[in-house]
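Asks: In order, the protein sequence lines correspond to chains A and B.
Using UniProt numbering, you'd call the opening residue of the first sequence number 1 and step up by one each time.
Using UniProt numbering, you'd call the opening residue of the second sequence number 1 and step up by one each time.
Keep in mind the hints are simulated off the structure, nothing from the lab.
Take the hints with a grain of salt, since some may be wrong.
Sample of chain A residues facing chain B (criterion: CB under 10 angstroms; computed from the structure) [said to hold, decoys possible]:
hint	residue
1	L65
2	S66
3	S84
4	G88
5	E89
6	R92
7	M105
8	R157
9	S159
10	R164
11	Q169
12	G175
13	Y180
Looking from chain B toward chain A, a few residues come up when the C-beta cut is under 7 angstroms (computed) [said to hold, decoys possible]:
hint	residue
14	G3
15	L4
16	A152
17	L160
18	P162
All values derive from a computational prediction rather than experimental measurement.
Just so you know, even glycine gets a beta-carbon here, dropped at the ideal spot from N, CA and C.
One letter stands for each residue in the lines below.
Number of protein chains: 2
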Amino acid sequence: MSGLKLWDLAGEDPARRFSPYCWRTRMALVHKGLAVETLPWRFTDRAAIAPHTKVPVLEHPGGSLSDSWAIAEWLEESYPARPSLFRGEGGRALSLFVNSFADAMLMGPIARLIVADIPAVLVEHDRAYFHESREARFGMPLAQVSADRETAVVAFRQSLLPLRLVLRQRDWLGGVTPAYADHIVFGCFQWARCVSPFALLAKDDPLYDWRERMLDAYGGLARAVPAFAEA
Amino acid sequence: MSGLKLWDLAGEDPARRFSPYCWRTRMALVHKGLAVETLPWRFTDRAAIAPHTKVPVLEHPGGSLSDSWAIAEWLEESYPARPSLFRGEGGRALSLFVNSFADAMLMGPIARLIVADIPAVLVEHDRAYFHESREARFGMPLAQVSADRETAVVAFRQSLLPLRLVLRQRDWLGGVTPAYADHIVFGCFQWARCVSPFALLAKDDPLYDWRERMLDAYGGLARAVPAFAEA
C-alpha cells in the first residue's frame, strides 16, 4: 500500500470527479503506478482539507500537500525509480511551461464555454457557492457567460494550434508515451467532458484523437468516470 | 575547427543578422561551444543555398541541412558530449511544443508589429521581393499592417502570459541555464530588435529581464549585432 489519499472534487454523483487540477494528479499517480484512495470532496467541505483551501490535496504518510504542480514535483522526487513524469531535467523545466500554458490559455476559455453546465452536476449544497463565486468572477450570470459558445468555440479551437502542430507529428506531447505534460493538458479537457455535453474539439482535430488515446491510457482510468456523450 | 558554415539572413549591413530562425541556430551553436563560419545571405540569393530554399542552412563536412528544428536535433545527436540543448528526452519532446508555440503564437503577431520597418534594413535588391511577398501574405501594404501597433502591442503582451508565468519564478525556460527552448523564444525577440525600434516588451515585464539575460549570455553574442535602441 502506498498510504496515499487524494481529496478529489466530486459532483452530486460521488463518482463524477471533474476538477482539471485533480485530473492532473490522478493521471500522475497512475503513471507512477501508485495506488491511491480517492476521497470525494465538495466545494463547501472546507474543514476536510484544512489548512489547505483547494484540491487536489494529497495525504501521504509524512504529511499532506496541495497544488497540482507541487504534487507532481513531490511525486517525481519521492518515487524516482518509478516511471518518470518529466523524463529528465529539461522535461521538468518545460513541463512548468506547459502548466503555465494550460493555466493561461486553456482554463479561462474552457471555463467560459462550459461553466453554465456545472451547477447541474453539483451536490445541492455546493450550487449557491458556485453560482455566487463564479458570477462574481465573470461579472454576469453563468448562462450569459456561455451564451455565445457556438461562436466562441471557433476562436478557442484556433488557439490550440501550438498543441495541434505537435500532435500532427506525434502521439503524445511529452515523449514516446504520455508524460506529465499530457496529463496537464488532458485535465482541462477531462474537466469539460465530465460536466458538459458541449463539444470542445472537432472530430477531425488531431487533439480529438490524442484525447481518445488519453482516455484509453492507463487501463482507461479517465474514460471510466461518468461523462456526457460528446457530439 | 568544426567545419560548420551557416547561411545567415543579413540586411544591407552584412553584420545585421536578423532571421528569428537563424538566431535559434546561432544560439544553439554557441550553446554547444561549436565554432561556425556565418555567411551573410539575402532573400534573393536563391542559388547560394540550393537545393534548400530557406535559411538557416547549415553546411557540415558530411552535407548540409535546413530548418532550425531539424538542425537543433542534428546538433544534439552529432555532438552528444557537448552541453545539451534539450536536457533529456522529456526536454527534447517539449522543446518541440515550445517551437510550435513560438511559430503559432509569437511569429505572426510580432511580424504584424514590425514588418513595416524591415524594408529599410534590407539590401536594395531584396526590397521589391520583400514588399511583394509580404504584402501578398498580409493582403495589404506593409505600412497598413503595422499601423495600429501601439494598440496591437497590448494584446501581444497579454498573449505572453504563459512565458511570463514561468519567468516570474525562474531565470530561464529550459532549466538552470538557458536551453534550446530559450533560444527558440529569444530568436523571435532578437528578430524584432535587429530590424525595428518598436518596443515589444514593457520594462517591468519579467520577459524584458529574461531577454537582457539572453543578450548577455554566451559572451554577449546576441547583443553584439547592430540593433535599434529600444525605448
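Asks: Hint by hint, note whether the structure agrees.
Replies: Right, here's what the structure says about each hint:
no.: 1; hint: L65; in the structure: 18 angstroms, violated
no.: 2; hint: S66; in the structure: 18 angstroms, violated
no.: 3; hint: S84; in the structure: 7 angstroms, holds
no.: 4; hint: G88; in the structure: 2 angstroms, holds
no.: 5; hint: E89; in the structure: 5 angstroms, holds
no.: 6; hint: R92; in the structure: 7 angstroms, holds
no.: 7; hint: M105; in the structure: 6 angstroms, holds
no.: 8; hint: R157; in the structure: 13 angstroms, violated
no.: 9; hint: S159; in the structure: 9 angstroms, holds
no.: 10; hint: R164; in the structure: 8 angstroms, holds
no.: 11; hint: Q169; in the structure: 8 angstroms, holds
no.: 12; hint: G175; in the structure: 4 angstroms, holds
no.: 13; hint: Y180; in the structure: 9 angstroms, holds
no.: 14; hint: G3; in the structure: 27 angstroms, violated
no.: 15; hint: L4; in the structure: 23 angstroms, violated
no.: 16; hint: A152; in the structure: 17 angstroms, violated
no.: 17; hint: L160; in the structure: 9 angstroms, violated
no.: 18; hint: P162; in the structure: 4 angstroms, holds
Of the numbered hints stated above, those contradicted by the structure are hints 1, 2, 8, 14, 15, 16 and 17, listed in ascending order.
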